[in-house]
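Visitor: Listed in order, the protein sequences are those of chains A and B.
Residue 1 is where the first sequence starts when you use the working numbering, and the numbers rise one by one after that.
Residue 1001 is where the second sequence starts when you use the working numbering, and the numbers rise one by one after that.
Just so you know, the hints here were simulated from the structure itself, not pulled from any lab data.
All C-beta atoms in this analysis are idealised placements derived from N, C-alpha and C, irrespective of residue type, glycine included.
Worth double-checking, as some hints may not be accurate.
[Stated by the list, open to error] For each label pair, taking beta carbons as the anchor points, the in silico distance ranges come out as: (1) E222/A - I1102/B: 55 to 61 Å; (2) P148/A - A1292/B: 19 to 25 Å; (3) A1362/B - E49/A: 40 to 46 Å.
[As the list claims (entries may be wrong)] The following residues of chain A were derived to be distant from chain B, with all beta-carbon distances above 10 Å: (4) P44; (5) H61; (6) E355.
Listed below, chain by chain, are the residues.
There are 2 protein chains.
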Amino acid sequence: MFELLKTDASSKARLGRLTTPHGVVDTPVFMSVGTQGSVKAIDPRELREMGTQIILGNTYHLNIRPGLEIIRQAGGLHHFINWPAPILTDSGGFQVFSLATIRKIQEHGVEFRSHLDGSLLFLGPKEAMAIQAALGSDIAMVFDDCPPHTATPRELRAAVERTIRWAKECREQPRANGQLIFGIVQGGVNNSMREECAKALVGLNFDGYAIGGVSVGEPEPEMMRAIEITEPFLPVTQPRYAMGLGTPAQLVELVARGVDMFDCVLPTRVARNGTAFTRNGSISVKAGACKADFRPIEEGCDCFACRHFTRAYLRHLLNVGEILGLRMLSVHNTRMYLKVMEEVRQAIANETFAEYRREFAANYVPTQKVLLARAAVAER
Amino acid sequence: MFELLKTDASSKARLGRLTTPHGVVDTPVFMSVGTQGSVKAIDPRELREMGTQIILGNTYHLNIRPGLEIIRQAGGLHHFINWPAPILTDSGGFQVFSLATIRKIQEHGVEFRSHLDGSLLFLGPKEAMAIQAALGSDIAMVFDDCPPHTATPRELRAAVERTIRWAKECREQPRANGQLIFGIVQGGVNNSMREECAKALVGLNFDGYAIGGVSVGEPEPEMMRAIEITEPFLPVTQPRYAMGLGTPAQLVELVARGVDMFDCVLPTRVARNGTAFTRNGSISVKAGACKADFRPIEEGCDCFACRHFTRAYLRHLLNVGEILGLRMLSVHNTRMYLKVMEEVRQAIANETFAEYRREFAANYVPTQKVLLARAAVAER
């Protein structure tokens, strides 16, 4: 199911290949986020053209709208959204704890009110797995308890215990034909809790392991530490997925720490605010500085936006509120993430990853604005 | 410049070919509206794929944002927006009279305040033609006085006189290389004023003639009458353009009344409200009725949306506010308009237009909602 093709000599970076019912995914991989059944503002043809291998869907959101029955009638999520390639579905745990008004955490799940209309709903391991089975995603995630960055040690401990217990329940549920299942390690930046959670999940023999409890508002050093203290307890033979991360520079650093899979709303979210990612960091295409700038967003970029339009035109579109502007920035940013991952894979294959990583970090100037945008977790 | 290829025996419908600096346009033609330099939500590749021959730009809007200097630096509007095919630019007259706060109508134009920031601007024949020359459009429109549907006879008379005087001034201004210029006939539903205005303009020997003062809130019978009382005074050897019209059924009827060119915001505007055009009239894809409807928007339609997505999926996207939903409805509606024009041309060529027209009218059920959307003229 997962082949580890090569390991970098200078770091923990890995080159791999993950086989799913709807196709093979080369890792390290960036997965575009299609929370509600659409990668925001981008169509499936554009996604394929830019080299998208796998996208995300979300149990919590899709279960509320359009509702499971519609997707079931459509023949599953792939058919409903017309995406024939791999899909990973998040379990909804993250949204239940971050978006919904929680009524009561119970033994077998959470009773909560929909963020949309306040209706009373219940989601637990059994429900989350049943929904994901009906969606027919290629990779299902366990239903976990994802506490905020500000959780007390006592809350963190309860979340870890619940996450392990629910993971076991999830493991026992029926799944769609060939559907893989990934565990999610919680434990904040507490070494022993991360170790305990990871070991317990590994004992349940999942097809892959996610590191959760990151991208929940923590500063970057804590995020990196959460990954670093968890990774050693994950089997080298299975894919590792850092949930909800991050900036392009963070992704390269996380690859170096042994992570194979990523998802993040940043490329499309900042696009809608007029911000584009480049090798030198993010730039505001909407800003006045681009008013008469007739270069593409990024010289040498092969995305549809950079092949067809100038910063000046895109700036005008963003400035007057034309949808084509945010569409094209979404396309550029998503392609930029995918291209960086392509380069990372090539560098690992060519045994030049150390150099690639050094150069990437030297060129990329992180901006506070983008890091803050990542901290706004609600959309994931 | 304009070749009249065939005239229908049963009606005034005409088959023609209009040659412009950026290419040939087959008429009758529907021109998609790209007011601010973008056909709303659609990219140039999608426009070409669906058979778009010519699009519109707008002097008033483009002159305010991004401003003429930026477009001049870009090498003209075609380069700025990356649209290598024909462009017609409206003169801004319509917007000055409908959008702006008018300060003073003067001998040589109008002093007005921008609808955007209230800044004091001046637009007249000289300015409108200079801007259109700099934009480098294939067809420039004269700067006219477009009175509302509620204008008194005295106001209508003043508008006609001003329109004629300004048309003469426009005719004398320098233009871009090969740029065509169309006159605009005003006169409401007053026979003698339409005749007077048309004859005066024809005396100025324009490359084509638009019928203005329609799509200004008037009921359909008045709109049809304005066309019918104007058309006899326009030379058969020149293209005729009905400004800001209309629904698909109206377009077929207007072709039968001798009109060759159309533009309308309806296809993209109603798309953003979740409404799609079909041969049977418009339908609300956003409505609950489409919730579990797994057919395309229209059976047999060759547009990108109908080839890839179901009503149920598009309804979901519209319902949750995903941009792909309104994108796909914009694509479908625009393709529908273009396809109807393709069929109209084929029918005239095949001498089956009478039958086509009859069938189209029999199938198409107009809805009040869409007619009202047309009446909201501000966006044109």
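Visitor: Looking back at the hints listed earlier, which ones does the structure fail to meet?
Guide: 2, 4, 5
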